Amino acid sequence: MVKRKFKRGELLVENIIFLVLNVAFLAILVLFLINQGSGASALEDAYSKQVALTLDAGMPGTTILINFQSAKEVSDKNKIPFQDVLLIKDHYVTVKLSDKSGKSYQFFNDINVSTLRPEKDANGNFDGYYFIELRRKV
Amino acid sequence: MKINKKGDKLLSIYWFAILVIVATGVVIMVNVYYGSPYDVRQVESGILANHVANCIYFGGEVNPSLISSNGIFKEDFRDHFMNYCTLNFSVEGEFTQIPYYLEINFFKGIDSPTSVFNISEGNQNLKSDCGVDVQDKSKLSKCTSNSFFMKLNSNDVYFVKILAVVSKVNENTN
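Chains D and E supply the protein sequences, listed in that same order.
Be aware that the first sequence starts at 8, since it is given in this note's numbering, and climbs by one per residue.
Be aware that the second sequence starts at 13, since it is given in this note's numbering, and climbs by one per residue.
Among the hints, a few may not be true.
Claimed, not checked - Using 30 Å as the maximum straight-line C-alpha spacing, the simulated DSSO-like pairs for lysine-lysine come out as follows: (1) Lys86/E with Lys144/D; (2) Lys127/D with Lys107/D; (3) Lys107/D with Lys151/E.
Bear in mind the hints are in silico, worked out from the structure with no lab data behind them.
Because the structure is a prediction, the values reported are computed rather than measured.
Could you build the full structure based on these sequences and the hints that come with them?
Have a look at this one:
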């Protein structure tokens, strides 16, 4: 008669615990990766540079609508008012998504940003877009 | 027959040690990747070069402030180039270097070796970064060179070479 190495119940419980721990580990890793990708710092860097390059390439008379919805999600989490997320002053674009961070990037186009406002939807809430109007400097 | 189960427990410890090592490695790699800023300088220098090109010669027409009707380049264009071409290189801070350099040369004809008119603005020290052959160029400025032929109403042809350089190393690299 051959003795079994393990009792049936022990084998199953051990394997289940092992699998659950592995799945938990992978889940934590994936969540960490997702969080890093949508972190405030990375988004601030990307948005400030995108807006600066858009302004560099812009010509007088251009109106630009920029999608800031991803940034709005992060700024809402960090309790930053959406109208304070994007600032354009003295040829610097500043994007701020949290109290502790913010990124500025210089642009060379000597153009007048005559209008810079966050867009609102029909209910008066910010919809995550910024409207920018460019005019020639007088 | 007794079965030694101590080996199973030892294996679990090694297994979790491996998991911790893998997790640490992934965290480090992700932080290195997302910790690096985007490097947009090459695109930016391209936009700068195009901006200047459009200022000088747009839609087949030469900027009338650049050259007079009898084909003479106007010094006033060189003196007020930044205003004419709506450029602003001012930086914040008293000791901050200008992160841009522009150089425009006009050559008469197709294969003239010397330029008849030239304009340069910005930080001249950045020009030496162009053409440097090293393995890691991330800390050097990014350069874009544009050239085109410019035909005047008098049928004179000039060869225009534009060099646009963008530094901004701190904002674009680690």
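Now the hints, each set against the structure:
1. Restraint check for Lys86/E and Lys144/D: satisfied, since their Cα atoms lie roughly 23 Å apart, inside the 30 Å limit.
2. Of the supplied pair hints, the one linking Lys127/D and Lys107/D holds, its CA atoms being roughly 26 Å apart against a limit of 30 Å.
3. Between Lys107/D and Lys151/E, the direct Cα distance comes to roughly 27 Å. Compliance with the 30 Å bound is thereby established for this hinted pair.
Hint compliance for this structure: no hint is broken.
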